[in-house]
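Engineer: Using my numbering, read the sequence shown as starting at 5 and increasing by one per residue.
Wrong hints could be hidden among the right ones.
Quick list of simulated restraints, FRET-style, between CB atoms [said to hold, decoys possible]:
id, residue 1, residue 2, range
1, 99, 78, 17 to 27 Å
2, 70, 24, 17 to 27 Å
3, 18, 93, 16 to 26 Å
4, 66, 12, 14 to 24 Å
5, 58, 87, 32 to 42 Å
6, 53, 98, 18 to 28 Å
Rather than coming from a laboratory, the hints here were simulated on the basis of the structure.
Every residue gets a Cβ at the ideal spot worked out from N, C-alpha and C, and that includes glycine.
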Amino acid sequence: MKYLLDTNTCIRFINGRSPAIRAKLLTIDDAEIAISAIVQAEMYTVSAKSQTSQRSREVQEEFFQRFVTIPFDRQAARIYGDIRGHLENQGTPIGGNDLLIARQPSRII
Numbered sequence: 005m006k007y008l009l010d011t012n013t014c015i016r017f018i019n020g021r022s023p024a025i026r027a028k029l030l031t032i033d034d035a036e037i038a039i040s041a042i043v044q045a046e047m048y049t050v051s052a053k054s055q056t057s058q059r060s061r062e063v064q065e066e067f068f069q070r071f072v073t074i075p076f077d078r079q080a081a082r083i084y085g086d087i088r089g090h091l092e093n094q095g096t097p098i099g100g101n102d103l104l105i106a107r108q109p110s111r112i113i
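Take the sequences, apply the hints, and build the full model.
Structural biologist: As structure tokens, this is what we get:
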């Protein structure tokens with residue numbers, strides 16, 4: 005099974021603010037975990053705004069190196085458009101970045 009981490013999960017793991025997330029991730033082989041390029045972009049935004057931006061970026065890079073990065077490509081863009089159009093037609097849209105991440109074919113934790 006593959007796991008696709010969302011931004012909040014990554015931040016909570018890195019900051020150590022969730023013992024449950026830390027414990028869960030440490031039981032999963034790193035090869036089974038992926039991070040979307042969209043999540044990385046969100047996290048880079050967080051570190052850019054940090055008072056310790058250089059240190060935050062170093063910690064993020066070390067964390068990212070453990071896992072596969074899933075790129076956002078043309079196929080992802082097409083799937084994003086289909087899902088977003090469907091959700092908007094149904095009157096149940098979700099946030100743009102969440103939808104970009106959700107298009108990934110993995111389990112999100």
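Engineer: Work down the list of hints and note, for each, if the structure agrees.
Structural biologist: Going through the hints against the structure:
1. Residue 99 and residue 78 have their C-beta atoms about 22 Å apart, which keeps the hinted 17 to 27 Å range intact.
2. In this structure, residue 70 and residue 24 meet the distance hint of 17 to 27 Å, their C-beta atoms being roughly 19 Å apart.
3. In this structure the supplied range 16 to 26 Å is violated for residue 18 paired with residue 93, their Cβ-Cβ distance being about 37 Å.
4. Restraint check, residue 66 to residue 12: a C-beta distance of roughly 19 Å satisfies the suggested window 14 to 24 Å.
5. For residue 58 paired with residue 87, a C-beta distance near 37 Å keeps the hint of 32 to 42 Å intact.
6. Checked against the given bound of 18 to 28 Å, the beta carbons of residue 53 and residue 98, roughly 24 Å apart, stay inside it.
The earlier numbered hint that this structure contradicts is number 3, and it is the only one.
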